[in-house]
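Asker: Now for the letters of each chain:
There are 2 protein chains.
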Amino acid sequence: MSRQIKADKNYTILTQLLQVADLFVKIREREMLSQNLSSTAADILFLVNAIGHDVTPAKITRMILREPNSTACILMRMEKQGLIKRTKNMERKNRIRITLTARGEKVLSQAMKKDGTANMLARLTVAQQKQLKTALKALKEAGRKELHLSPKMLLWP
Amino acid sequence: MSRQIKADKNYTILTQLLQVADLFVKIREREMLSQNLSSTAADILFLVNAIGHDVTPAKITRMILREPNSTACILMRMEKQGLIKRTKNMERKNRIRITLTARGEKVLSQAMKKDGTANMLARLTVAQQKQLKTALKALKEAGRKELHLSPKMLLWP
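Protein chains in written order, with the working numbering: chain A, 1 to 157; chain B, 1 to 157.
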């Protein structure tokens, strides 16, 4: 019997995108199991390393679109696991700065190396990857406007 | 000061895709607040309606890539909210069939109408939307292989 698809075109693309995101997260979490690293923690390692300097918890919260409390919990766990360090900013003592430890850097570079998501992306041609990036950038911009988020949110990449 | 981006190219696309997925979910949840509907519940309304017939909890689990227990909880909540009905299959009594109630259909069509995610997607040209769909399809296929998922998983769309 054939399926009755009455579905809206936009809703279909949306569902596809969420499914791909779910697959990415599942693959990453499976690979990170041995390190006991969640997908969000891997995200944070990646962002802290990419931004490189003066990373505060507030900045991370804006980057990963979580509540400040939830970011604080994740950061605390990551510090216990020896992946990040929280140091006081010397000029502004109330401001905490997050940096990667040597172990954090090692875990991140391992994560990037064995990332099965790279195998997923390798199925796209270079031109398709470019198109995908362009589309995602436009969607992000539009989504940020839709939610009235400050341009500081999800600043990067 | 400029940022030191040492980031892997694939990891960057991955992060962008997850950010867009987060934005989609946030927008949808904001819109569904008045109906007390989670993003996953909206997904389920959409899938049950799209598949149309003989939808079982197991089928939904495969579609949304959740654990069976977690699907069961969500379905129970949705039944309490009057969005879906669980009926016993007359031929195979141990098999439960899920259908939308009139209220479920109404909530879904409202969700599709006011979906701010449509505004996001409207920023893409028709050609870009097509490219995006092609890329997502290839990524889904690749991700399914990577995780050794049965072809029945995430069957649709």
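Incorrect hints may have been included.
[Unchecked claim] Partial list, computed: chain A residues near chain B (C-beta under 7 Å):
1. Tyr11
2. Asp22
3. Arg123
4. Leu124
5. Val126
6. His148
7. Ser150
[Said to hold, decoys possible] Quick look at which bits of chain A chain B covers, simulated, 3 or more residues with Cβ under 8 Å:
8. 12-19
9. 136-146
Derived from the structure by calculation, the hints contain no laboratory data. The model shown is predicted, which means the values in this text are computed figures rather than measured ones. Positions of the beta carbon are idealized from the N, C-alpha and C atoms, including for glycine.
Asker: Run every hint past the structure and note whether it holds.
Answerer: Tested hints:
| no. | hint | in the structure |
| --- | --- | --- |
| 1 | Tyr11 | 6 Å, holds |
| 2 | Asp22 | 5 Å, holds |
| 3 | Arg123 | 4 Å, holds |
| 4 | Leu124 | 6 Å, holds |
| 5 | Val126 | 10 Å, violated |
| 6 | His148 | 10 Å, violated |
| 7 | Ser150 | 14 Å, violated |
| 8 | 12-19 | holds (count 8) |
| 9 | 136-146 | holds (count 10) |
Comparing the model with each numbered hint stated earlier shows that hints 5, 6 and 7 do not hold.
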